[in-house]
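S.K.: With the hints as constraints, model all of the structure from the sequences given.
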Amino acid sequence: MTTTPLADRTTAVAARATELSKIYGAGETRVVALDQVTVDFRQAQFTAIMGPSGSGKSTLMHCVAGLDTFSAGSVRIGETELGSLKDKQLTKLRRDKIGFIFQAFNLLPTLTALENITLPMDIAGRKPDLRWLDTVIQMVGLADRLTHRPAQLSGGQQQRVAVARALASRPDIIFGDEPTGNLDSRSGAEVLGFLRNSVRELGQTVVMVTHDPVAAAYADRVIFLADGRIVDEMHEPTADSVLDRMKRFDTKGRTS
Amino acid sequence: MFRTALRNVLAHKARLLMTVLAVMLGVSFVSGTLVFTNTISDAFQKSSAKGFDHVDVAIEPGYRPDEGDSITEQPKLTPELLKKAEGAPGAESAIGVVSGFAALADKDGKLIGGGFQSQGGNYWGTDDPRYPIEDGGRAPKGENEIAIDSETAERAGYKVGDTIRLSVDGPVLTPTITAIFTTDDGNVAAGGSLALFDTATAQRLFHMTGEYGEIDVKAAAGTSQAQLRAALDKIIPADTASTTTGRQLADSQATQIAASMSGMKSGLLVFAGIALFVGTFIIANTFTMLVAQRTKELALLRAVGASRRQVTRSVLIEAFVVGAVAAVTGLAAGIGIGAAMRSLMGTLGATVPAGPLVISPGTVVTALLVGVLITMLAAWLPGRRAAKIPPVAAMGSMHAQATTRSLVVRNTLGALFAGAGIATVLYATTMNGSDGQVPMGVGAVLLIIGVFVLTPLLSRPLIAAAAPLLRVFGVSGKLARQNSVRNPRRTAATASALMIGLTLITGMTVMAGSLQSAIGKMAADAIKADYVVSMANGNLLSPDVEKKLAAAEGVTDTSSLRNAESRIGGETEYLTGVNGAAIGKLTDLPVDNGTFKVGGADVVVDADTAARYGWKAGAEFTAGFEGGEKQKLTVAGVYESNELLRGILLDNATLDEHLPASSDPADMMVMVKTSAGASDAAKDRLEQALGENPAIQVQDRQDLSDDIARMFTLMLNMLYGLLAMAVIVAVLGVINTLAMSVFERSQEIGMLRAIGLDRRGIKRMVRLESLVISLFGGVLGIGLGVFFGWAAGELLAAKMPTYELVLPWTRMAVFLLMAAAVGVLAALWPARRAAKLNMLTAIKSE
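Chains as they are written, first to last, in the numbering used here: chain C, 6 to 261; chain A, 2 to 847.
Honestly, the hints are just simulated from the structure, not real lab data.
Incorrect hints may have been included.
[Stated by the list, open to error] Below 35 Å or equal to it, Euclidean Cα-Cα: the simulated DSBU-like pairs (lysine-lysine) are: (1) Lys93/C with Lys14/A; (2) Lys142/A with Lys108/A; (3) Lys142/A with Lys548/A; (4) Lys108/A with Lys548/A; (5) Lys132/C with Lys235/A; (6) Lys764/A with Lys93/C; (7) Lys93/C with Lys479/A; (8) Lys47/A with Lys219/A; (9) Lys845/A with Lys97/C; (10) Lys93/C with Lys837/A; (11) Lys132/C with Lys548/A; (12) Lys14/A with Lys47/A; (13) Lys800/A with Lys598/A; (14) Lys132/C with Lys598/A; (15) Lys548/A with Lys631/A; (16) Lys837/A with Lys97/C; (17) Lys132/C with Lys845/A; (18) Lys617/A with Lys631/A; (19) Lys764/A with Lys91/C; (20) Lys845/A with Lys617/A; (21) Lys837/A with Lys91/C; (22) Lys586/A with Lys598/A; (23) Lys93/C with Lys845/A; (24) Lys252/C with Lys47/A; (25) Lys684/A with Lys522/A; (26) Lys160/A with Lys684/A; (27) Lys529/A with Lys684/A; (28) Lys548/A with Lys598/A; (29) Lys91/C with Lys479/A; (30) Lys845/A with Lys91/C; (31) Lys764/A with Lys97/C; (32) Lys97/C with Lys479/A.
Since the model is a prediction, treat every value here as computed from it, not as a measurement.
M.R.: Set out below in structure tokens:
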């Protein structure tokens, strides 16, 4: 896949959900978190998933990323169908093909910044591609912080380490779960800038769940979820257009 | 505040479980010990009091000290005296008591009981009130008749009319059983056997012809024990005998039993104390972690106006509740343990007199106090720390990171303690024997405290040393190593708990092993005899035995070892009589100076005795013998003593010349050399020559060293069993620490799972952390144990020339493996829990 020319990659699908449903409980307590959602995430595209609380946006990401199981439908990462995988294979898939950025940074406090970045490859027992690693580190601007431990880094720096960790193993797709949720606006903008750059310059595929219109504006495309369904999609979004669209959920929520 | 504390306990049930278990184990050990010892001593006291029912006043022979160079003849209780006592005003009847050792064989020819409890005695007249005869029997008469106690008869299946094999001090007798009797004798109640002859036979067999060991006088109706005693004191010369009332005898026996039980009790309580001490580490660890996890909550309490004292108190109330629950369950378990120990003693052959389980109020109060106080004491420091949380911490978004607060003060203190400890122990090793014991103990305690305090510091380099090994396990190994040094205090407390047990176990093993080899070497090096023949219970042998052995086929040399009292320079000295012609061929004792020559006036003296009297080869001294004769003896040589031979050795022939005709020589043991060396056939021949006597053992050199080894193994196994409790508590500690660590790090674990570490990897990570902590404790414990074993050995070496430090490498390897097994075992549950964590909730949970 690393050899695929950039031009082709823009058309190929990195991950695809087809008629994906996730249902919790049964009978009286039955809750439909995802209701037959079908969506494609194209390669080298930056997608934001938005929606009000309880819309199912996080659940969708978790299911597509192989972090959570689903009730019906199918999920593909590249050519791999997730529904048929056992926990062990799923773990291996996450390790080799997927990168993650979490809201709460989620670094190991005992490891240095560099060790945190190479952790997925250490787990896999692979040697990191040093030139690529260098590129990533330069991009997130951590070259002089590599031997620091997370406790010695600011929140923004910690999240940059998390971004670098996600990029370093060159995954097919990176999922971010509110990656700027715990950051001030300047640090958040930096992190989002890195993510956009990784898509534009390195051809990375990124899917991010957010409720912040400003964050969503960094994406190439925004998917809106409500009540477990995809209700809208927007390309080349701006903060204002996303905010307008989100406001409509609120009014609808109030009137209905 | 109390309600908050109670809610906290309920909310953290699972996390407090290990703490409760640890305290519970310690408390149950304490209360089990108390219940057991109280029950046993109560039962023994009741049974022994019954044994004195028939005695109103006991007359015992007096003691006259030796004077000058002669042996004083001791007063005897004669039949005349008995007649006199019987005629005293207020006396109804008197019984002359004769007692000694009588080994009974069961129908297979094996000794009944352990040998030490095989008693013999006399049946008084035709109707002895002490021993009621069961239906169908009659009093034994003459040397071919015997009565045995009903317990023994039942155990071995003997009936009236059967013949039984029996030996007193040599020849085997085969009398007919004429009676089976019941008795309250305490020794029989405790599983011993009792065989009775008529009085004349008993006196002859037990070398008490014409005398009694004791005279029991029964008071006539209306006469009190004290009155009878006063009456007897008037007619019995004071220097011949002393009188004691039955009540006094019972009381003094009760005191004696209580004293011997209290020794056992304090011994067991020491081990219970060790287990509880180890438990305090777990309690302290648990509460430290609970406080750390609740930082925000506690800060909130402070922010809304709770005082520092209230916060501390809330933690202490929590500890109180935990301690109380643990103490109550521990007490219940302890009562069970007490009952189980009693029945265990029963199955091991040591019959304990029946009696109710004694649960005294003292036991209950002690158990409850110990459980509650230990828990609160251990939780006190974490409680203080909780109070120091500033109210502003409530506003922080993250709960407090585990601190690696400066350990400078701690390390300095630890180094001081450890340094002082090592110095004191080393100083003690240069001292002489018993003088060194106190400084050695003080030094050991100081060093252990020092190492405790230093464990956080030691954890880093020691665990780093394990890094190359852990690297094999990839990321899991690396993470495990880093996690284990992440909170040095917690790791240290957990490892220390294990360290204590292993220090003690290793120290004991090193010492016992070294001692065993030293004693074994002594015996093996110094003896050339093929066999040593002795009584199974250490009693004396009749000289007949040596004669029979000397006459046996294939026997070339024999020598008995005979004790004889003598007076040398106004002191009482025990001489050892040997066969002067043979002793040189039977032993190989290192000679310091002179020559090893025993015969006529020539004697050899061991180095200690020679030093005491200032003798060298050629020195002369005069010995006074029993009966008053004296002889001038010459020191031919000075030798190194050992376990079997010590003191002044002289020829039995020389001894015999001086002993009065009335004296009854008896041998401690007989050494035998055969022409063909030791073999099963030779042993059989010797045993046959002795008439297959059940009470006499024929041992070759291997048997002797096996005997010594068996003794040490038994002792070690008992210590291992007792120390196992401390190790179990330590295992609970490891489980506790891991479970809490997993809980604290659930977010990290969730992340690791998300980015691709599989369940196996997570499990391995937790297991390896556990292994690292356990091995850390194990290495420290074994190291300290070896040091203490060596140091204590240095003290012993001063007294034992053959003492040499023997490091039990295999055992030490086993201990290390055991520590590793503890680690793996303790990690089972926490590792599984970690692997099962729900990734998504783990990541989200802040």
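S.K.: List, from low to high, the hint numbers that the structure doesn't satisfy.
M.R.: Those not satisfied are hints 5, 11, 12, 14, 20, 24.
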